[in-house]
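Here the protein sequences line up with chains A and B, keeping their order. Here the numbering used here is used: position 45 in the first sequence is 45, and no number is missing along the way. Here the numbering used here is used: position 84 in the second sequence is 84, and no number is missing along the way.
Each hint should be verified, as a subset may be incorrect.
If you want the footprint, here are the derived chain B segments under chain A, 3+ residues with CB under 8 angstroms [said to hold, decoys possible]:
#1 17 to 29
#2 45 to 54
#3 148 to 159
#4 251 to 259
Subject to a maximum C-alpha distance of 20 angstroms in a straight line, what follows is the list of computed DMTMM-like cross-link-like pairs (lysine to aspartate or glutamate) [as the list claims (entries may be wrong)]:
#5 298/B with 70/B
#6 123/B with 13/A
#7 52/B with 237/B
#8 123/B with 35/A
#9 8/A with 58/A
#10 106/B with 73/B
#11 52/B with 327/B
#12 123/B with 58/A
Sample of chain B residues facing chain A (criterion: CB under 10 angstroms; computed from the structure) [to be verified]:
#13 89
#14 97
#15 100
#16 115
#17 219
Hints were generated in silico from the structure; no laboratory data involved. Idealized CB from N, CA, C, for every residue including glycine.
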Amino acid sequence: MCLAVPGKILAIEEAEGNRVGRVEFGGITRPVQLDFVPEAVVGDYVVTHVGFAISRVDPEEAERTFHILHEMGLLESEGLSPDHQSEGHDKAA
Amino acid sequence: MKYLDEYRDERIARALVADLHRCVTRPWVLMEICGGQTHTLMRYGIDELVPKEITLVHGPGCPVCVTPLEIIDKAIRIASQPEVIFVSYGDMLRVPGSESDLLRVKAAGGDVRVVYSPMEALKIARANPQRQVVFFGIGFETTAPANAMAVWQARREGLRNFSMLASHVLVPPAIRLLLRSPQNRVQGFIAPGHVCTVMGYREYEELAREFRVPFVVGGFEPIDLLEAISMLVAQLEEGRAEVENQYVRSVSQEGNLPAQAIMREVFEICDRKWRGVGLIPESGLRLRPDFAAYDAEKVFDVAACSAEEPAECISAQVLQGLRKPIDCPAFGRRCTPESPLGAPMVSAEGACAAYYLYRRLALVS
Ligand code: SF4
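Chain A extracted, bound-state conformation:
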């Protein structure tokens, strides 16, 4: 529940007065609120928890962490396992 997953910011847009990034996690893209990382720009890697980026991290570290979390099966509870993609989180979130 306190897990946070690193992903890469592909694009940033303003929505309802908030900065929202389109962030990629191992092939799955999700909207992520960037309110807490005002310094983040496209191409940055951010550690994300319940849809909010909480810190910026180094790209290599980020990739490595993502793979390990994947191997541990811990992405499921964050809705980032590939099986969840069909549930339409791209649309819903």
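Take the given structure of chain A and dock chain B with the ligand to it, following the hints.
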């Protein structure tokens, strides 16, 4: 050494383990606070790789596990009302209340929905103006800013059909309680990396000074945890009691200031009951009076009821690091992830579930 070949950085892992074996001269009891870290420790067998002098006990750091029974019962009563769409993080659905759980409410026709972000709950509220949308806002300091932002945003938009059943908990007061207990046997702590990403680690510096106990802020990967354990043991062996940061790639001393600011604006500190532990003074967050219109406990008049844990469940002692899940007579027999008796068996980050997942074959025989 079994397990080690599963490490991505097998060489580093080996070096860290060898280092630990060289460095340790006496028995030490260490606690990881965060449930995500418990999961990693079990998955990678770190408890079996470290020298036998080191005992790892598991802390209260799973917000799903410590959400009090009374709040689960309130959630169930709110979710059962026909005009309500009840929105929750998935982990909470199977947590047993005193008589039922949210999954059963859903099966009986209640509109209970799972989301991964509180912003999705807002979306549901916008799309269903004629229904009351209640979000179950639980979590530690990692989650509190996100939940705070949802409430803040709801007020800004003037959403009238959104409210939050908030039951947030804070880590440092729970550690203070543990350290004050005459039964405490923990000598060093791995501080939770993502909680500290948000909050920084000044509060842990106070604890280290007050109780002369070392802390190392740790990450979630197996290498992170091995390194954190190594740093803790080095401090203990040298008689130091400081706060060190192993998880520098995400954590700074002051933490995430914008996240702390929104948290302070929306929530205030309150006393909070922890499931299995009891009331801990100033250990929770509730919505400030300014946000009363978004407080589900005020919007829905669900009276407080007090509820009892099943007598068999020793989760209170498990969550304080006094006993291990396998010491519980129900473990793996009457209590399994499919039909959990207590909350630590529900979430993947609960200590009982982690033991069940990775150790039951070795243990229940
Ligand atoms: S195994 Fe089940 S009954 Fe025993 S302490 Fe853990 S949750 Fe409670």
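field: Violations among the numbered hints
entry: 1, 2, 12, 14, 15
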